[in-house]
Every structure is written in C-alpha cells, then in structure tokens.
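Visitor: Protein chains in written order, with this note's numbering: chain A, 153 to 287; chain B, 153 to 287; chain C, 5 to 102; chain D, 5 to 102; chain E, 39 to 160; chain F, 39 to 160.
Check before you lean on any hint, since a few could be wrong.
Within a straight-line C-alpha distance of at most 20 Å, the following computed PhoX-like cross-link-like pairs (lysine-lysine) qualify [said to hold, decoys possible]:
| id | chain 1 | residue 1 | chain 2 | residue 2 |
| --- | --- | --- | --- | --- |
| 1 | D | K64 | F | K101 |
| 2 | A | K220 | A | K182 |
| 3 | D | K64 | D | K45 |
| 4 | D | K64 | A | K187 |
| 5 | B | K182 | C | K45 |
| 6 | F | K123 | D | K45 |
| 7 | C | K64 | E | K123 |
| 8 | B | K187 | C | K64 |
| 9 | E | K101 | C | K64 |
| 10 | A | K255 | B | K182 |
| 11 | B | K187 | B | K220 |
| 12 | A | K220 | B | K255 |
| 13 | F | K101 | F | K61 |
| 14 | E | K61 | E | K101 |
| 15 | F | K101 | A | K220 |
| 16 | B | K220 | E | K123 |
| 17 | A | K255 | B | K255 |
| 18 | D | K64 | F | K94 |
| 19 | E | K42 | E | K94 |
| 20 | C | K45 | E | K123 |
| 21 | B | K220 | B | K182 |
| 22 | D | K64 | A | K182 |
| 23 | C | K45 | C | K64 |
| 24 | F | K61 | F | K94 |
| 25 | A | K220 | A | K187 |
One-sided excerpt, in silico: chain F residues whose CB lies under 8 Å from chain A [stated by the list, open to error]:
| id | residue |
| --- | --- |
| 26 | G56 |
| 27 | T58 |
| 28 | A72 |
| 29 | K94 |
| 30 | I98 |
| 31 | E99 |
| 32 | C102 |
Note that these hints are calculated values from the structure, not bench results. Note that the Cβ used here is the ideal one computed from N, Cα and C, for glycine as well.
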Amino acid sequence: MSPTPISFSILVYGAPYSSQSVSTAYRFTKTAIEKGHRIHRVFFYGDAVQIGSRLVAVPQDEVDLQLKWQQLGEQYQLDMVICIAAALKRGIINSDEAKRFEKDASNLAEGFTLSGLGQMIDATQSSDRIVTFGY
Amino acid sequence: MSPTPISFSILVYGAPYSSQSVSTAYRFTKTAIEKGHRIHRVFFYGDAVQIGSRLVAVPQDEVDLQLKWQQLGEQYQLDMVICIAAALKRGIINSDEAKRFEKDASNLAEGFTLSGLGQMIDATQSSDRIVTFGY
Amino acid sequence: MILHTVNKSPLTSSCLNNCLRAIGDNDGLLLIEDGVYGADKHQGLKLKPLPSGITVYALKADVEARGLMGRLSEDVRVIDDQEFVDLVVSHNASQSWY
Amino acid sequence: MILHTVNKSPLTSSCLNNCLRAIGDNDGLLLIEDGVYGADKHQGLKLKPLPSGITVYALKADVEARGLMGRLSEDVRVIDDQEFVDLVVSHNASQSWY
Amino acid sequence: MTDKKQSILAVLTKPPYGGTTAKEALDAVLTAAAFEVPVSVLFMDDAVFQLLPEQKTEGIEVKCLATTLPVLPMYDVEHIYVDRKALVDRGIDAEQLILSVQPVETDTLRSLFQNHSRILSF
Amino acid sequence: MTDKKQSILAVLTKPPYGGTTAKEALDAVLTAAAFEVPVSVLFMDDAVFQLLPEQKTEGIEVKCLATTLPVLPMYDVEHIYVDRKALVDRGIDAEQLILSVQPVETDTLRSLFQNHSRILSF
Numbered sequence: 153m154s155p156t157p158i159s160f161s162i163l164v165y166g167a168p169y170s171s172q173s174v175s176t177a178y179r180f181t182k183t184a185i186e187k188g189h190r191i192h193r194v195f196f197y198g199d200a201v202q203i204g205s206r207l208v209a210v211p212q213d214e215v216d217l218q219l220k221w222q223q224l225g226e227q228y229q230l231d232m233v234i235c236i237a238a239a240l241k242r243g244i245i246n247s248d249e250a251k252r253f254e255k256d257a258s259n260l261a262e263g264f265t266l267s268g269l270g271q272m273i274d275a276t277q278s279s280d281r282i283v284t285f286g287y
Numbered sequence: 153m154s155p156t157p158i159s160f161s162i163l164v165y166g167a168p169y170s171s172q173s174v175s176t177a178y179r180f181t182k183t184a185i186e187k188g189h190r191i192h193r194v195f196f197y198g199d200a201v202q203i204g205s206r207l208v209a210v211p212q213d214e215v216d217l218q219l220k221w222q223q224l225g226e227q228y229q230l231d232m233v234i235c236i237a238a239a240l241k242r243g244i245i246n247s248d249e250a251k252r253f254e255k256d257a258s259n260l261a262e263g264f265t266l267s268g269l270g271q272m273i274d275a276t277q278s279s280d281r282i283v284t285f286g287y
Numbered sequence: 005m006i007l008h009t010v011n012k013s014p015l016t017s018s019c020l021n022n023c024l025r026a027i028g029d030n031d032g033l034l035l036i037e038d039g040v041y042g043a044d045k046h047q048g049l050k051l052k053p054l055p056s057g058i059t060v061y062a063l064k065a066d067v068e069a070r071g072l073m074g075r076l077s078e079d080v081r082v083i084d085d086q087e088f089v090d091l092v093v094s095h096n097a098s099q100s101w102y
Numbered sequence: 005m006i007l008h009t010v011n012k013s014p015l016t017s018s019c020l021n022n023c024l025r026a027i028g029d030n031d032g033l034l035l036i037e038d039g040v041y042g043a044d045k046h047q048g049l050k051l052k053p054l055p056s057g058i059t060v061y062a063l064k065a066d067v068e069a070r071g072l073m074g075r076l077s078e079d080v081r082v083i084d085d086q087e088f089v090d091l092v093v094s095h096n097a098s099q100s101w102y
Numbered sequence: 039m040t041d042k043k044q045s046i047l048a049v050l051t052k053p054p055y056g057g058t059t060a061k062e063a064l065d066a067v068l069t070a071a072a073f074e075v076p077v078s079v080l081f082m083d084d085a086v087f088q089l090l091p092e093q094k095t096e097g098i099e100v101k102c103l104a105t106t107l108p109v110l111p112m113y114d115v116e117h118i119y120v121d122r123k124a125l126v127d128r129g130i131d132a133e134q135l136i137l138s139v140q141p142v143e144t145d146t147l148r149s150l151f152q153n154h155s156r157i158l159s160f
Numbered sequence: 039m040t041d042k043k044q045s046i047l048a049v050l051t052k053p054p055y056g057g058t059t060a061k062e063a064l065d066a067v068l069t070a071a072a073f074e075v076p077v078s079v080l081f082m083d084d085a086v087f088q089l090l091p092e093q094k095t096e097g098i099e100v101k102c103l104a105t106t107l108p109v110l111p112m113y114d115v116e117h118i119y120v121d122r123k124a125l126v127d128r129g130i131d132a133e134q135l136i137l138s139v140q141p142v143e144t145d146t147l148r149s150l151f152q153n154h155s156r157i158l159s160f
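Whole structure, please, built from the sequences with the hints as guidance.
Guide: Below, the structure is given as structure tokens:
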C-alpha cells in the first residue's frame, strides 16, 4: 500500500512526559514523512507548548522529546508552531515577548516559533488531513 | 466551630491554568492559615511544578496564581517546595541547576525552592494532616 | 474516619466509583471542582449506594461556578472553604480521588 | 468515512462511549495509548455494539508496552505506525477522542 | 489560505472549568470565525454543562465561559448542535440554556461527522 | 522527621504509561522506603494494569515500569495490596502478576484506609 502523497497538519495538546501525546505525535509525523507525505505544520496547543522550553533537563534514562522534534524539524524544515496565548500563560516565551513583558530571560528553544491560533485554522484549510493528539 | 490549631501539608499535582488544583489548593491553604492553623509545607509535584516559572505572563483577564502564592508565602513564611525531579524535566530550573546542566538561563520564581521527594515524605511525618489536590 | 475528596465528573470518570468502593461508615465525602457534578439531582445520582452515616458535601465555589445551585440533590450539603478546612481537621486523614 | 482515535481506557473514561455514539457505518476505530485497554478481550469488551463495517485497530507500540499482546480480542487488528499513517490517508477525516 | 473554505466541525466534550479545554475550544472557534472559515460546533458528553445558566465564577476566580459563549451567533457561528442524549442523561432542558442550540439525535450527530472533512477535537 | 514513624498508605489508581503518575507514585514510595518510613501500597482501578507481565516499552520509548515495580519488596515495601474487584473486572489472574501482591476484598480494602492516617493519592 503506497498511497499518493498528501499533506498533513498535526495538532498536539498534551504536556510532554505527563501525557503520551507529544511522543505519539512525533512517531506519527516521522512515519508520515518517511512514507513520502508532506507535513504542512505541527501545532502545539494547551500543555503541549511545554515542548518548546530550552530549559528542560531530561533525565538520562528518559528520551529527549524536544531534541527529537528539533532534529526532525531541521532535517525536513518543519513548521513547528507553539500557540502564543497558551505558551505565555505557561511560561514559554521568546526574546521579543520577554522584552514586551519585561522578563529577564526567554526560554523558547530553537526550531519552534510562537504564533497565534490563526495558524491552527490555516492548517485546517491548507492540509489534506488534520490529526489531533489529545492529552 | 473553632478547633485547636493543627499543622497541614498541602500536596499539589495539577498544572496551573490547565487544572484547578493549584487554585483550589491556594484557597484551602489561605483559609487554613486564616483559621489559625499552621502550614508545614506546600509541595508541588507533577505538572504543578509549573507554578514556579517566573517567565509566565498571565493575560490581564486571568488571575496571577504565582503572584498569589508568592504573596501568601511571603506573608506567612511558607515553605513552598517544588519537586526537583519533576521540575527539571518540565523546564523549571534554578541558577545552581542551570549551571550544572549548562543552561543559559534559569527561571525559578522567588519564594519557591527546588528540593527532593524526601520533602514530601517528611511532610507526611511532620504534619497533622496531608491534603492532596490532584490534577 | 477519612475525608474523601472527588474532583472529577462521575459521568466521565471512575473517581467517584473508586471512592464509593473505599469509603467506610462515618467517613465524609466532599465533592470539589468537576466532582460537584456528582451532586446534581438530575443525573441518576450515582451517590445512592452509600454506607451508613456518610454525609456528602459539595464545595460552594465550584457548585456556583457550574450553575448547579438550583440543581442539587437534597442529600448534599454545600460548604464553603472554611468548612472544608474544618472537615479536614475533624477527620483523621484525607484521601483525594482524581 | 472518518477515522476515530481513542486514547483513554474505557474502564475509566467516557471517550470510547462517545466514539461509539458518533461512529458511522464503514468508519474506522483506532485505539492508541491507554485506549488500547479497550482491545483487551477480558474486560467485557465494550466494543460490542459497533455499527456494521467497522474495523477496530490497536496501535502496536501501545499494545506491547502494556503487556496486552496475549490478551487481545480476536476482532482487533494490531497495526504499526506506518499503517496508522495509511489509515489516516484512506479516511476522509479523523476525530480524536481523548 | 485558499479561497475555497473548508468548513470545520468543532467537537466539544469537556465541562467548562475543571480544565482549560473548554476555553481553548472557544478561542479556536472564534479564531475560525474571525478568519471567516465556516465552523459548526457540537457539544457532547460533559461539554453540555458549558451551556447551563447561572454560572457564577467569582468564587473560583476564572472568567465565566457562559458570558462568552452567547457571542458565537454574533460572530456568524450559527450551526451549534448538542447531543440530545447528553442533555437527557443529565436532565438538562434544551430550552433553558445560555445559547440557542439545536439538539440532534444519533443519526444527525453521525451525519455531522460524515459531512465534515475538517474536525477539531476538544 | 520525628522518631516515631507514621505509616503511609499509597493509593494507586492510574494505568502505567498514558500519564506519568504511575512512575511518580513509584518514586514517592521508593523515597518513603529510603527514609525508612513504613509504606503500604494499594493498587485500585486501572492501576492494576501496572502489574501485568510482558510489558515491552521499546516502541513507546519510555522506561518499563514492570522492571522497577518488582524491586519494592527488596526495599522493604512488603505490604502490597490489590483490589480484587479491579482484577476480576479486568479478567486478570492474581497469580500471574509481576509482583507478589495480596488481593483484598471490599472490607479489607476499607479497613486499610481506616488504619492509616497518612495517605498519598496517585
């Protein structure tokens, strides 16, 4: 079975480590790419925004989910968007927003961008399939 | 009904904003203090560790739960402990740990301390009552 | 004597069932957060098979937030945060079902 | 044709019931994460009242992790991540119950 | 975005305040409306509790969802469905909700899913 | 800590891998043991799934709980109870678990709660 390539957007809602969603979504995304499909966007909403903190220190006996997403993102130029409204109230912030809110540091990891919910709605219009990984 | 003062430890497990637990626990803790009881410790575990990030930017129409805990903690000298193992894998880090893990910033908010699960076990031994606020 | 708290809707979670399995005579049962939906008189009241001597409480702030004030079962006593603290004090221990 | 995914245990969550309410003839049902407990043959199989033409799938990595390989209902087909992707492609849309 | 809009079905299953999903769903629906993407909303399971009147959230210090939900029709979100069985199971009268909704039976509910190729699940 | 130790009842209700609670519970129990605080463990509801044999977690890339749980008796955690009804409801044979546990009936289960004044809920 090797279907015609199509485009996916992936919506992820659960906190990394506290929920499987970030991990299951990663395997799905990687597999879809390897099967020749295109990923239009990966959108992290709700507690899944925590994937974007570069201050995470993963224990040696656990998988570094952020690194995996970053490597996949770099290799395939993925558009990995973190919902800005969900992110700010959960302490994920880039340097621009840090200035705006007068924070003394920022923590957004490389490879991820903060953007609005419009990116989720665009994903529904610009991809052939939407797959949601709930918490 | 004004019972003899006793000591409480409060265990909190849910992510702020995504779960009510941090908020319900706050009301309980404040009320217990106002009724004359003593709080031995507040211990944040699981996703509740997110309460300790000073990079959170709360929207204007939502309550700043961290600020509330900080004010209560300062006023009554509360021992507000964030589980270090749960914190590090969720991107909550103080300056000592940031050095150890070679991170370029730290984000632990004032009023909170990172410590181990031993503090939870000690709480069971050193308080008259344990109250858990699950996610 | 244990004070049991339940914070999830009985329609979508097994918390309340677990609690009813473990609750003993003269224990207390306090519904908080989404657990207060268990105090709604309209939904078949899963609270029925209670051991003897159990009082069911529901936390006022959560009941009000959810618009349940006019829908409560008669058996349920609405309490405020102060009474919540008193309940914890008057029981030997508390168990949280979530 | 919709692909429904369910990621919670049917014993402790209403997800699977919701799914079974919404699922239509010839839709697909894929159990993932804790949803794979719904594929366990021992637990009364809440999957029984399925509309016609529905195939039930369970994600291999999750089935294996939970030690369910030897406990699966015969009606359930275990699939790997590649087949998961194929299923999404071969259905018009997907709905996630969580 | 392309010119031809794909209409979205937003499926809601969570109660209003124990978590933040109900609010996040509402934000997503309003964003769709702002982008003029047609969006239908379906309330199922405990999400029907979002529609109860007399929600007073001062005590839990969160914004009252019941004051925001009624704006949906003003934002041209006009197709708002509710699973009748979810209402019946909870003894909720469809006439007394904070929002005018269309109760649907199982068959209609199933056809809603079949008639949308873009589903957002909350 | 005071000299006289209060014994803890750890009540577990969650399955092993969908969330991280099962692991966090185990960490807390092992910490209690390390501090030589007596701790009893009670598996209820979907937590009994933690005890199934043949868990192979390579595919989901998390540490296998079933390889850690059997260390409990070595850390002097000797009172390990399981709600027999939870096993029966799931068709699980108490003899084939990864850990030697004591199945308890409703009455014993209730008395476990009554006999502990320090309960940790996971």
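Visitor: Are any of the numbered hints broken by this structure? If so, which, sorted upward?
Guide: 5, 7, 10, 16, 19, 28, 29 and 32
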